[in-house]
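Each chain, written out:
Number of protein chains: 2
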Amino acid sequence: MRKLKVAMLGFGNAGSAFGRMLADKHEEIKERYDCDVIVTAIVTGRRGSIVNPGGIDLEKVCTAGASGAFPEDTEGLGALTAMEVVETADYDVVCEMTPLNIFTGQPAIDHIKAAFARGKHVITANKGPIAWAFDELEQMAKDNGCMFFYETVVMDGTPVFNLTEHTLKMCRVTEVSGILNSTTNYILEEMAKGRDYDSIMESGRQLGFVEADPAMDIEGYDAAAKVTALLNVLMKAGITPDMVDRTGIENITAEDIKDAASRGKVIKLLCCGKLDEDGKVTAFVKPVEVEMNDMLASIDSTTSVVSITTDLMGKISVIEHAPEIEQTAYGVFGDLLRVIEGLQQ
Amino acid sequence: MRKLKVAMLGFGNAGSAFGRMLADKHEEIKERYDCDVIVTAIVTGRRGSIVNPGGIDLEKVCTAGASGAFPEDTEGLGALTAMEVVETADYDVVCEMTPLNIFTGQPAIDHIKAAFARGKHVITANKGPIAWAFDELEQMAKDNGCMFFYETVVMDGTPVFNLTEHTLKMCRVTEVSGILNSTTNYILEEMAKGRDYDSIMESGRQLGFVEADPAMDIEGYDAAAKVTALLNVLMKAGITPDMVDRTGIENITAEDIKDAASRGKVIKLLCCGKLDEDGKVTAFVKPVEVEMNDMLASIDSTTSVVSITTDLMGKISVIEHAPEIEQTAYGVFGDLLRVIEGLQQ
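Protein sequence lines, in the order shown, are assigned to chains Y and R.
According to this note's numbering, the residues represented by the first sequence are 9 to 353, in order.
According to this note's numbering, the residues represented by the second sequence are 9 to 353, in order.
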C-alpha cells in the first residue's frame, strides 16, 4: 500500500475541518485507493508547529479545535515557521491554507514555489496565488513534474475548475460571471430589509460573515481576486486583481436599494469577465441591478454562484447553497483524492 | 494515429447537430487526441441508412438537415434497420439517439444490448435505457469490457452524471431534485401570464416546446423517467419510472396559479428523490408551490436545474440556461471524447 504524506500550512477553521474529514475518511481512502494518507506536519500562526514523520494523531489535534492549544504531549510539537516546514519536512503534498495578503498573494506564493522547488505536489485553498501568480506557478509545477490543484479558491469544494476541465472538454470559455462574496451579499440583503448599516455589521460579525476589517470585502477586493482566479484558470487571462475594474458596495445607500426595489430590481455585487473580439479578457466587479425574478436575485446570504459560458455548451451555472466549513474542507479533500489518483497513473 | 469508427442510430435534430459538431471539430480532435474519428454508419427512421466503412462525408449528409433526403449519390445509401446496423456494421462506438418509447425504454435498450454483445462502446442520449434498465446495462458493459456513457439523458451536455463522478469524489448523494421538463415549465409560466391553455399549446407547438401528443410531458411521464435516470445512476436506486409517485400538471388551473401568486408563490413541476433512513430511495414528480424569490422560481421556459445534496459537499445546483440543439449535440460529443480518452489509457 502506498503511503501519502501531507503537510498542512494553516490549521484554522478550514484546516481543522479538513483534518477531521481526513481522519473520518482514512479507512475509506485506504480501501478505495489502496493509499494510507498520513499528516506529517501542521503549522499554525499562533499555536506552533507539529512535525511527526510517523504521522500526526489527527483525532487528538483536532479535538483542540481551530484555536485551542494542542495537547502538551503531542509528539513533535515545536515552533517552526510555514517556510521552514515547506523546506525541511518530509511530505509528498502540501496543503496551503495560511492567512492571505490579498494585495500580494503572499506568503502563500512563496510557500508554493518552495514546495515545487522540492518536487512536491501542492493543493491551495488560497485565492492569492491563483489571482497573482497563476501562470508562473503552473509553469513551475509542470517544470518540476508536480501536481497543482486549487478547487477551493472559488466556492469551496463546489466544482468550478474541475467542472470546466473534466466535464466541459474542448469547450472554450467566453464569459464567466457570478456572485462570489458572501459578506457584501449579506449586507445588501439586510439593507434591503431596512436594517441600518451598523447593526448589520454587528450581527454580521457575530455570525462570522463580516471580518474585523471588512474593507477587503466591501470595497470588492475579495471579489476581484476571485474573478481574477477564475479568469486566469478558465480563460488563460494572465491578469492580476489590480486589472479588474472594481467598484465596491461602500457607496450603495438604503435609498438606492429602495429605488431599485420599486422598479422590481435587486442590487447584487456582480463579478464578470469576458473575452472580447481581440482575444483580450476584461473584467469588472460592481454593484448591478438584477431583475427580481432573475436567478442572481435568488442568491442570498452565503449562497454563491458562478455562471460559465462556452462556445459548445452555452451558459451553465453552478450554485453552492449556504455552505458550512465542511464544504471548504471538502475542496481540499477532493483535491487530495485527485493527487492520489494522479500518483496511480 | 488511432482511428475511431462511430455508428449513429438516429439522425434527427440532435443527431445532425452532433454530426455537424463532429465535422467542425474533426481536425481539433486529431490534434488533441491523436485520433481520427469517422462515422461509418447512420440510420434514420424514414430516410434510410448509410453504411460506409471508409467514413461517411458528414458535411454532405448534414447539409440535408434533420429531415431532408440524403443526396442520391451518397455512398452506402440503403435501407438497413438500426438493429441490422448494430449487429453487422463495422464500428467501435454506437451513439443511440433513436425515438423513444417512454413506457418501455425500447427499442434503445435492445440496440444497446446488441452493441455490448459485440464488445462495442455505447453512448446514449436516450433516457429510456437509463430509466428502465440501467443496472442490467451497466453490468453488461462491465462484463464485456465496454464503456457506457449517457450524460445527455438529463439536461443535454450539462454535467450532471460526469459532475458527480468526476468532481464530487467520495461524496454520497442523499437527495436529488430539479425542474427537468421544459414543456410543463413553459405552460405553467404562460398560464401565470393569464394566457388561455389552447393558445399556449398552439404557440408552444410552433416554438417546438410542445409535442404533437403532449401527454408524456403534461402528465409527468418525461419528468419521472428523468428523475429515475438520475436516481439510478447517482444513488444506485435500482428503480423504474413506474415506481415514482407521479402527478402531472393536467389538473392545475389558472385559479391555482393566481392563488399561489397572491401568496408570493409560483407553481413548478418538481422532481425529487431522497434516500430515507432505511437506505431506500423514494421519488416523486408533482406540482409544488415555491417562493417567488427561490432559485427554483427563476427557472423559466427551457432552462432547467438539478440540485444534488451529498454528505460531504452539502447542496449544489447546476442550471442549464435556455439550451439550443447544439447543447444536446455536445452531450454526445463530450461522451465521445470520454471514449477516446478511455481508449488511450
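Please keep in mind that the hints were generated in silico from the structure rather than gathered at the bench.
Fair warning: there could be bad hints in the mix.
Stated by the list, open to error - So the derived list for chain Y, only partly shown, Cβ under 8 Å to chain R, looks like this:
id	residue
1	E36
2	T166
3	L171
4	K177
5	S325
6	P331
In this text, all values refer to a predicted model and were calculated from it rather than measured experimentally.
Ideal placement from N, C-alpha and C gives every residue a C-beta, glycine not left out.
How the hints compare with the structure:
The closest approach between the C-beta of E36/Y and any C-beta of chain R is roughly 7 Å, which is under the 8 Å cut-off, so the hint is satisfied. For T166/Y, the suggested interface contact is upheld, since its CB lies about 5 Å from the closest CB of chain R, less than 8 Å. A cut of 8 Å between beta carbons decides the hint on L171/Y: the least distance to chain R is about 6 Å, and the hint holds. Annotation: interface hint on K177/Y holds; nearest CB of chain R at approximately 5 Å, less than 8 Å.
For S325/Y, the interface hint holds, since its Cβ comes within 8 Å of a Cβ in chain R; the closest pair sits about 4 Å apart. Below 8 Å, beta-carbon pairs count as interface contacts, and P331/Y has one with chain R at about 6 Å; its hint therefore holds.
The structure agrees with every numbered hint stated previously.
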